[in-house]
Amino acid sequence: MATNNGLNASELRDSLQKLATREGIRSWDLGAACSDDCSVQVDRGEAKQLKASQRSSITVRVWNNDGLVGITSTTDLSDPGLEQALVGAHEASRFGNPDDIPHFSPLAKAPLPELNRPLKERRGILPLLETLREAEADLLSRHPSIQTVPYNGLAESLSQSLYLNSDGALREMQRTQASLYLYARAEETGRKPRSGGALRLGLGSAELDIAGCVDEAVVRTVSHLAYQPIETGTYNVCFTPEAFLSLLGAFSSMFNARSVLDGVSLSKRESIDESLAVPFLSLHDDGLHPGHISAAAFDGEGTPTNNLCLIDRGKLKSFLHSEATARAFNVKPTGHAGLGAKVSVGPDWFVLSTSEGCSSGNNLDQSTEKDTFVLIEDLSALHAGVKATQGSFSLPFDGWLVKGGERISVEAATVAGDIRTVLNSILHLETNCEITHRGVSPHVWVEGLSITGEA
Amino acid sequence: MTDVFSNQWRDLLETLLNRGARAGSDLVEVFLERTNHVGVLAEQDQITSVNPSFAKGAGLRVFLGGRDGFVSTNDLSQEGLTRALDQALAMLGLEVQSLSSSADRFNGLNSLIDHGDTKNDWLNRCPTLVSASQRLLEGTSELDRIGQHLQVRRGSYSRDWQEVLVAASDGTFARDIRLHQSTGLSVLAADGDHRSSVGRRYGSTDRPDDLLQWNVETSAAEVCQSAGTMLRAEYVDAGQMPVVLANRFGGVIFHEACGHLLETTQIERGTTPFADQVGSLIAHPSVTAVDEGLSGGSFGSLSMDDEGMEPQRTVLIKDGVLQRFISDRAGELRTGHQRTGSGRRQSHAYAAASRMRNTFIAAGPHKPKDLLASVDRGLYCKAMGGGSVGPTGQFNFSVEEGYLIEDGQLTKPVKGATLIGDAKEVMPRISMCADDLELAAGFCGSVSGSVFVTVGQPHIKVDSITVGGR
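Chains as they are written, first to last, in our numbering: chain L, 17 to 471; chain U, 14 to 483.
In isolation and in its complexed conformation, chain U is listed as follows (with noise of 0.2 Å):
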């Protein structure tokens, strides 16, 4: 069999899924992958790692009621492949001995729809070596041109190359090539006792030469000014306060506070409490909420999710009332949400799962200014760090650089700042949203591995949140 995916793979695919339909499945689905990915690193002005790698392999799940087996392997042979997919029959009972003569379970598959068809010269098309080592150490340099204290420079790159084919036993046949690349660049500012530390990453999908199109002086410039802000900034003064959080990445709030509760996969655990909530008022009136696959070039678009169907434009969200969850094949099987295109998996070792893509809150009719002007006290989060929810819904995220917000007016930087607190209480308190909606690049790590995402917002106010710190 081609290393490559195509038409050729459909007979063994075909055999295959016949296999698990006449052993009584309900349905089995084959996920095929190839990856070639290459990372770089250039710390001050030299390249210090160079990590090519190269990747395939299988992820096979087979239904039966509602539960599923998954196995994945490296061995994409047919042996190998049918051994894995025996393995997954056995774990639900279904053995292939008893091979039924219901040959009308699976009737073939479909014609193959082929996403990727005008992506084949996508990875030639990228950066090579050469260029994308001189690209990060015109970074380095850059940043040496314009920082001060810079006590270590970095910049880094990653091209992630996949190549996959989907084939179920409903006739679902889709292959599809995803690019993902990303640029970043960060610095370890000291002087003396003071010291920030301050990254920024910039990504995007299906877009060969985008590293060719990174505005060096600008990042360089973002990183430069943060981490010399934040160098001799006071810890924040904890406690309760109202914040505004500025737009692109102040979009974690959102992903982390409620975004990962309207995944199936919480309905399923029963960790969300928006589970029966559908219809009803959860968020403040100002609060629209979307989450897509759509967005041109974002990190998180995609042209068919891992189940090989075409992500759909999902509201969430509208003036604050629930529309519906984001939802793959075993959350529709087991919640009855129907899929959104959402079925998303780090690389055929996970099986998919109900994962955000392009999530963010819609635009709203203010100024960013006329948010900061309602704050008498409280804090502005210009940029974030990362953050996490937990089985309560409770959730936390930092904040990398933060200023105070006094009689409407930014004051100082603060630094050291937490924000923790609770879906159900703090979507209430998001009471003004701004008119200057921006996306932002980031990673999403949960039950089916670390996926590409963007997040984003306009500038948004809560009305009260607590904000750890000293």
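Chain L on its own, in the form it takes in the complex (with noise of 0.2 Å):
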């Protein structure tokens, strides 16, 4: 069912039709996988690892004569394989919940958007090889304090993904993605070692923004040489965009109605159409935005990915779905499910931006801006210290204080607060949006945060 080019959509379809049948099974669905990818990493000019992988998988999802739902895996897609994954969904399908059956998606036969992203030419693990090396000698030789880059790698891959199911749907999409990233480590004598780097995503390897990503990893990480420990206290915080979107990723419960429905999310059903941010904030889900380089043009269940409005105006305007959740709260579903006995939603690519017609009666710059403030690059370890279902945060960052223009590296020190206090002491969204691989976000300004350093 999956050869070197990839899955055969139709065999997949008859095999398990003709293994359902035998089973005694009516409906089934089946979402697939398959990728081939290879991937560089370089220490000082030298190969270190050089990687390739073929991977493929299925799952399967079957519905039982009393209607239930059982779900299994499987990256054996040979006919035992489907067999003992068919087999071992209908067996879990005796554990299905009553009470929150999946249906088909009601869109997984509508037409999908039109997606220009077309499959670039994949040049090979030696050719990587050879751009990685040039690449970390251009970077090691930009500073005398740069005398590793740790971490990097160039990759490029080629992914196919469909989905097919028992009424007829099916949905098939291929697409070929490269990365490069580069994290530099820089350290003076008598000094603490300090890092940066920067990440570029590309349809294919050769449009990766190689010399961007040079440029950048330097500057990041030779600004933060002449770092100084921050006083613990309040400060304004300008936030990047990827800082910003990073933070509201980790809080994106807030618009998932499986979280709302499952009683974790700071949300509820009633939330809809109430104040959440400042009103001077809008913010789209918009998985077809040209800057989203793994734009899929349908989800886990079928649907059609479309730009979904979840702020409008400060207010909370819609949820992120699956079709299970938008049957539970009378809407369509969203594009945002994966695939499952209890379906999992999650957000494509947030972009945010002030409301048309408003302002925040602030003009501030991060570039010019003489007022001190803490302008935050990075956001760490999010994992830990995220309490989503609480609001609360305590993150590890990079950045710095900006004191009457100038900026000094800020060592060592944490930020924290609350997510629905921070939506709403917005102080200004600056102009100029930027793409990034997280999303789309301008510099974002929030009052008063609490910034713990050594000092």
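Treat each hint with caution, since some may be false.
Straight-line distance between alpha carbons at most 20 Å, and here's what the computed DMTMM-like set of lysine to aspartate or glutamate pairs gives [as the list claims (entries may be wrong)]:
hint, chain 1, residue 1, chain 2, residue 2
1, L, Lys284, U, Asp206
2, L, Lys331, L, Asp289
3, L, Lys284, U, Asp204
4, U, Lys425, U, Glu235
5, L, Lys208, L, Glu247
6, U, Lys380, U, Asp420
7, L, Lys64, U, Glu345
8, L, Lys125, L, Glu188
9, L, Lys64, U, Asp219
10, U, Lys380, U, Glu451
11, L, Lys208, U, Glu438
12, U, Lys437, L, Glu203
13, U, Lys132, U, Asp219
14, U, Lys437, L, Glu204
15, L, Lys64, U, Asp99
16, L, Lys208, U, Asp289
17, U, Lys380, U, Asp289
18, U, Lys437, L, Asp289
One-sided excerpt, in silico: chain U residues whose CB lies under 10 Å from chain L [as the list claims (entries may be wrong)]:
hint, residue
19, Val63
20, Ser66
21, Leu142
Calculated from the structure, these hints are not laboratory results. Note that CB positions come from ideal geometry on N, CA and C, so glycine has one too.
Two chains, two frames, a set of hints: combine them into the complex.
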């Protein structure tokens, strides 16, 4: 079913239908993925590890005669593997939850949006190695304090995914993707080592902005060499687009209908149309955005991806939905589902902006502001320092104390707060929106956050 | 070829290894894997998700000089494995067309060392879905019985069964069956604007009947007590202060602050300050630290590592002096530190790397109350969350359940604390170790994926550390 050329949807469907008929299963669906990847790492000009993989997997979901759902995943796409998965799913269906039965998405056969993501030629591992060697050498030559690039990698992949169901839905998608990351380490005599890095994504390795990645990694690393401790206290904070999107992403359960139904979201069913943020803030989840390299035209249930408004003028307008949560809320699924016995829901690509026709009343600009503030470039340890169910966070960060326009790199500090307070304490969203690998956002100014340093 | 890994694979594996040797590689390693996983989730008083999954695959690694090429595949046919091997060889510029006649580079596989021969029935001895579901529902029911203000009650069970076969052109030929099970309870308590979320996980290795032995009442009581205490806790006042860390999962401080920096992968990357410090005092003389794969039933225990080597007990630090590093095959090749049976990987999709197993600070002479009594004003960390360490040795981890220490006594509970620091500075500040060493199960994510580990320690006192909060 999976060959060197990828998955064969028709063969998969025929095989599964035959097995399902034999087992007396009338309704089933299937998600499958297949990928062919390679990546390289270097260490001071020498190839360190070269990697390649061919992976395939399927997830089969079946409805038994009582209407209950079971699911099984396998990496074995042979006929015996498929049989094992189908029989396993049938057995698991005995444990299906009668109070929360997923159905096929009503949009699983709806037209898909156009996605302009042409497949790019893969160059192969040895050209990747040469490119990465050159990038590393370039980076190492830029500053005497940069002696290693301990985390680096250049990768390219071809992946295929599909969704099928016994009702005749068939979704299929192929994409290529490439990534480059360079995280350098710099050290000066008698001072602590500092690090910084950059990441670039592209549809193919030939179109990656390698020079831009090197430049950014150098600037980020070198700019932190002259660090100083920061005094513990309360500061106005400006988040870079990447930092704010990572914070928002850690609290995405606010927008997640599954989390709302499960009682683990800060939002409730009745939160729609309530004020969640300052009125000049709008937030969309736009999985089709041209800057989203990994865009997919459909989700795990086959529902088309679309541009969904989550916050308009500070008010919560919609949740992210699977088929089951959409049915519970009497709305349409939004194209954010996985595939499971209990279907997960997640965001695709946040786009944060100033609401049309609204103003913060401020004109703050992190590049020219003279009053003291903290510029947060990157947040760490979100998996540990965020309490999504409580709204609180306490996170280490990389950034600067900016005084009179002068930037002083901050040594070892944390920022703490509550996401609801943050969203309602936003002073200003700068004009220029940046496309990052996490989404789109301007620099975001927030009033009065707790910063803890060593001083 | 049979699915079950056995001596029947010898001929095929020898053919592959001979092919790799004749192409001019220094060493070829083949890792075969089959897994059978199930996850069960109970919410409130219902089973809401049962997720079985099966996987099989191979990871093939070829060494040449200081480099290695690694290819993973789900295709275990002879054609699939040969294709993967040839791809790995080609990465290093080795071509099968130029096969040399140097057959002496590979002298055949040794006799199979089968660590799994007494474990073949373990999968069948594990709890059925019915009994696992029933146990979880007992757990959520007990939470309901004793908890207050509980908005969400969850129980989860995970069973990971794995069969592996490792063969390498140095003759290594070994098989094992691993069984990891974990059970967790978690709650979200809510009362008006006050909220607390608390979870605890219990894990074991190689104990098929572990779930049946699970003490539901004790686990539920621990979770409910913590959630109740933290529900109205105030945010911690941030700053520099002395900290006492509880035993068991408090060991995450050593895991993050120092353990990762003693893996040879960190020497290879140039990211450990301890690279040339063997024999030097790097921690307070009260600190002795060990990493081993031998503690019976502990989550990080192994019969063999993922390179086929039996694990050693590795004393990392003795009385504050660095003794040695945790090393795998590539680490030994590239850094000269001898292998310690620490080559670990999440699955066939990852090349093995030097990774911690059961890692702990050894017990000291003090009583826990002595540590508290020595602090005028500080923080007691009873339960820890996750943590991480960066490329400069800066570590951080969150405190799930904390209390103020005032005049040597525990006083009010506090929340929202994050500890940050630098290994080189913090290790000398661990000045007191108590006599109550205990281990706790966890997962560690790093270069070779997520692996089962235990962390552990007795109660310890850190003289000064940065506590982030509000």
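The hints, checked one at a time:
| no. | hint | result |
| --- | --- | --- |
| 1 | L:Lys284 <-> U:Asp206 | holds, 14 Å |
| 2 | L:Lys331 <-> L:Asp289 | holds, 5 Å |
| 3 | L:Lys284 <-> U:Asp204 | holds, 15 Å |
| 4 | U:Lys425 <-> U:Glu235 | holds, 18 Å |
| 5 | L:Lys208 <-> L:Glu247 | holds, 18 Å |
| 6 | U:Lys380 <-> U:Asp420 | holds, 17 Å |
| 7 | L:Lys64 <-> U:Glu345 | holds, 14 Å |
| 8 | L:Lys125 <-> L:Glu188 | holds, 12 Å |
| 9 | L:Lys64 <-> U:Asp219 | violated, 35 Å |
| 10 | U:Lys380 <-> U:Glu451 | holds, 14 Å |
| 11 | L:Lys208 <-> U:Glu438 | holds, 11 Å |
| 12 | U:Lys437 <-> L:Glu203 | holds, 15 Å |
| 13 | U:Lys132 <-> U:Asp219 | holds, 8 Å |
| 14 | U:Lys437 <-> L:Glu204 | holds, 16 Å |
| 15 | L:Lys64 <-> U:Asp99 | holds, 19 Å |
| 16 | L:Lys208 <-> U:Asp289 | holds, 17 Å |
| 17 | U:Lys380 <-> U:Asp289 | violated, 35 Å |
| 18 | U:Lys437 <-> L:Asp289 | violated, 51 Å |
| 19 | Val63 | holds, 4 Å |
| 20 | Ser66 | holds, 4 Å |
| 21 | Leu142 | holds, 6 Å |
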